[in-house]
Structure formats: structure tokens, C-alpha cells
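Chemist: Listed below are the residues making up each chain.
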Amino acid sequence: MNRTPKKSYLLLAGLALSLSLIATAAFSADGKTLYEDKGCTGCHGEDAKTPLEKGYPRLAGQNGGYLLQQLMDIKSGARKNGKIPDTMKPVIDELSEPELKLLADYLASLKWVSQGTPPEVAPPGKKLYLTKSCVACHGKEGMKPIMKTYPFLAGQDRTYLLAQMKDIGSKARENGLSNSMQPVMHLVNKKEMDAIAKYLSLVK
Amino acid sequence: MKKLSGLLAVSLSTSLALALPSLAAGPGDNIKQGKSLGEAGYEWNKGDGEEAEALKAKPDLKNGRDVYEVCSACHMPEGWGLTDGTFPQLAGQHFKVIIKQMSDIRAKNRDNPTMYPFALPSQIGGPQAIADVAAYIQSLKMNPKPGLGDGKDLALGEKLYKENCVRCHGEHGEGDNEKFFPRLEGQHYNYLLRQYQWIKEGKRRNANPDMVKQIQTFTDRDTKAVLDYVSRIKPPKDKLAPVGWKNPDFK
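Just so you know, the sequences run in chain order A and B. When you number the first sequence by this note's numbering, it's gap-free, plus one each residue, and the end is 204. When you number the second sequence by this note's numbering, it's gap-free, plus one each residue, and the end is 251.
Treat the hints as calculated values from the structure; they're not laboratory data. Treat the hints with care, as some may be off.
[Said to hold, decoys possible] With a straight-line Cα cutoff of 20 Å, these simulated DMTMM-like cross-link-like pairs (lysine to aspartate or glutamate) come out: (1) B/K213 with B/E163; (2) A/K132 with B/E163; (3) A/K127 with B/E69; (4) A/K140 with B/E163; (5) A/K54 with A/D194; (6) B/K35 with B/E50; (7) A/K144 with B/E69; (8) A/K140 with B/E43; (9) A/K204 with A/D194; (10) A/K132 with B/E50; (11) A/K190 with B/D84; (12) A/K171 with B/D111.
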């Protein structure tokens, strides 16, 4: 066996060393600890599915790719709708990208608040959900988003859902992939948006 | 040595996974992006990559129907889109036009964030699937009642159309399959208007530079008049479905 390491191995070893230093820093805390220590629990609830008040989203079991994109966009200021700049951005600002990834992975690993069981009495929102193209991206009962970067909607807070629909329609929210949703928002008026939000929030 | 490379692999994959947000879609979705309008070396319909492969494929209508199920959520089971122009009518569009546009959207040479995820190989399959669905779409009969403009300036519209558009899009807006020029007759007015504006402004990155240049002098009145005229051209009878037709393939 040739005991002299080849040049490429040296290079790789150096790369690995520097990368593993990053990794070590990231693993100094786990996602659950971050979620608790950084005060996320205060607004989103200890179980991440019991928000402090209406209008705050449930996070437990949300799509990991979507969560990470939102966290990074809130940190960068790309997502600035609603109360985000005053409430959440200051908290996120002090977290590194690897820490945000840990948070997203932790939240994604929890059981989503809904199993996708439709409400016994389907409100009119269900028909709108199916006919106004929502189902194409977010899937049956809001449980099967077509991309990892699209959110689950089933069982989400009704006030939050309505606010996001309005904000994406008005371009108050235009981060991430919301530009794929904006062009269809004129298909529904405010009353219809609320009906859709009500239906989705009721999916068990 | 074995141990070292094992460690290397672990630490590399961990750190890379941390560093790179997993925003990519499924495997095989990394299609090479070509040049687009405004970039040096842009050539309209260069026709390489997936487009060339799909054009060579022998289309399978039955699979085309299955692939189309994904599309039908927005473009409707009949392929008629929405009369308000949110989604275009696809029914009756030329085989090669569909192949070109789908390939361009997949390769991000035409921006369509709403449609993009549905066009990916992980959703519908490779170039063969593009050919299959294009053949299915071409076979669908068209909406006899598309969305129209206000109808107030049709004489001007007709004059402008005959002077400017006929050379490529044909006397009746029938387009040209061989040359990849789209069928325009009976397309929803609002959709035509949006695409036309995007072509004029350079926002539609796979546009034909000759058309971009040609329409620069059109005023807003000209634009509305000519597109209103186009949306009202009746496609040939054998291309049209009866009013209110429902596609039996998606019952």
C-alpha cells in the first residue's frame, strides 16, 4: 500500500476538516433545544401546534423544505408580511443557516396536526378548493403538496390561511415560490378565500 | 484508508446537506438551461436537448391521456383553459408547438412558476411523455366560445393582423406546426394580451426576436384591436367541439 497520501486525498481531507468544523458548530444544539431556547414556543406553542393566538401558524410536521425556505426568507427579509418583521425576524436574525436547518428538520419530524381526514360536513370551501386550482399544487385535502417547498395546509389555523391568501394576492407576501400562486389569486374573492380557509382548517 | 474515505463521505454528505437547502425537486429534474432572449448567442428554437428527443419519439395517445390528467387541474379536462385567460386553451394546439413550449418551461427558458413543478420529469416523465401529451392535446377539440375582447375595434384589428401577423401565424391564425408557430385563432383574449405584453417587454424569454422587434411600434389600441380580432377568428369546424362538450376521458 502506498503510504504517501495522494494530492487529491490531501485536498479532500482539508475540505472535510473545514466542512466538519461547520458541522460540529451546527450540532452544538439540536433542533428541539433551539425551538425551546429561542422562544419559538412562546408564539407557536410547546408542541408547535398550539399557537398563542389566531393568525399564528401551526408548524408541527410541516414540509421541511418549505419551513427552511420560510426561515431563511424571514431572516433575509424576503418574507415580511403580517407581523413577521416585528415578532419573528429579531429572533431568527441571531440564528445561523445550519441552525435554521436543524429547526426546520425538527419541526418537520413532528406529527402534522392533521391526518387529512375531510370534515364530516364539507363547507363550500371544499368545492372552491377543488375548482380554483388550489388542489393542483397542495394536493388532496391540503395534504399532498407537489413540491417539498410547498406547504401542507390541512388543519392549519384559519386566520393564518386567510391572511396568507390575501397577502400573496396583494403581493404583500412574495417570497419563495409564492410567485407560482399569485397569478391564480384573482380567481377567488375575499369571501371565497375565507370559505377555503375554513374548510382547510377543519380537515382533521 | 477505507475508514478514512468512509469518514470523508459522512462528513461531506452531512455538511453538504446542511449547507444546501433541499429546494430541488425529484431526481432527473436537472435539465440544462439554454440561452434566452437578450443573452448573447440566443437563437430562437435552437431545438436541442429534450425538444429534439421528444420530436423524435413516436407518441402514445393512451399515455398522453394519462399524463394530461396532471394538466387538467388547470387547463381543464377539455383543454379549454379558463375564458378569463388565467390558463390558456391548449386543445387543438400544434404538436410541435406544445413540445417546444413544454421543453422550454422545463429547461427554465420560459418562466412559468405556476406550471413549472407539473412539467418536471418527476411528475410526468421524460421526453417520450412530452410527445405523448402533446399528441393528446393536439387531438382535443377546441372551445367554441373562447374569452373575447370588447369587440369595439375589430376593423382596425383585422387590418393590423393582415399586415403584420399573417406571414407567420397564417390567414386564419392557424399557425404552422412545422415551423413551431402557435395556433392563435380562438385563444382566450386575456391570455393573448398577457403573452403579447410579455413578448413585447422581453419578459417571455423564449420569444421570437423577429416578433419582439415587429410589435414594438404597436400602440395599446393596436394591441387590443388585433388580439380581439384574433380571439374571434373561428377555427375550422373539424377542430371545434360542440358548446358545453365534456371530455369523456375524464369522467
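Chemist: Give a verdict on every hint.
Modeler: A quick look at each hint next to the structure:
1. B/K213 with B/E163: 15 Å, holds
2. A/K132 with B/E163: Roughly 39 Å between the alpha carbons, so the hint for A/K132 and B/E163 is violated.
3. A/K127 with B/E69: With Cα atoms ~19 Å apart, A/K127 and B/E69 stay inside 20 Å; holds.
4. A/K140 with B/E163: With a Cα-Cα distance of about 49 Å, the restraint between A/K140 and B/E163 is violated, given a limit of 20 Å.
5. A/K54 with A/D194: 14 Å, holds
6. B/K35 with B/E50: 14 Å, holds
7. A/K144 with B/E69: 16 Å, holds
8. A/K140 with B/E43: Answer violated: A/K140 to B/E43 is near 41 Å, above 20 Å.
9. A/K204 with A/D194: Distance of about 18 Å is within 20 Å: holds.
10. A/K132 with B/E50: 31 Å, violated
11. A/K190 with B/D84: 19 Å, holds
12. A/K171 with B/D111: 18 Å, holds
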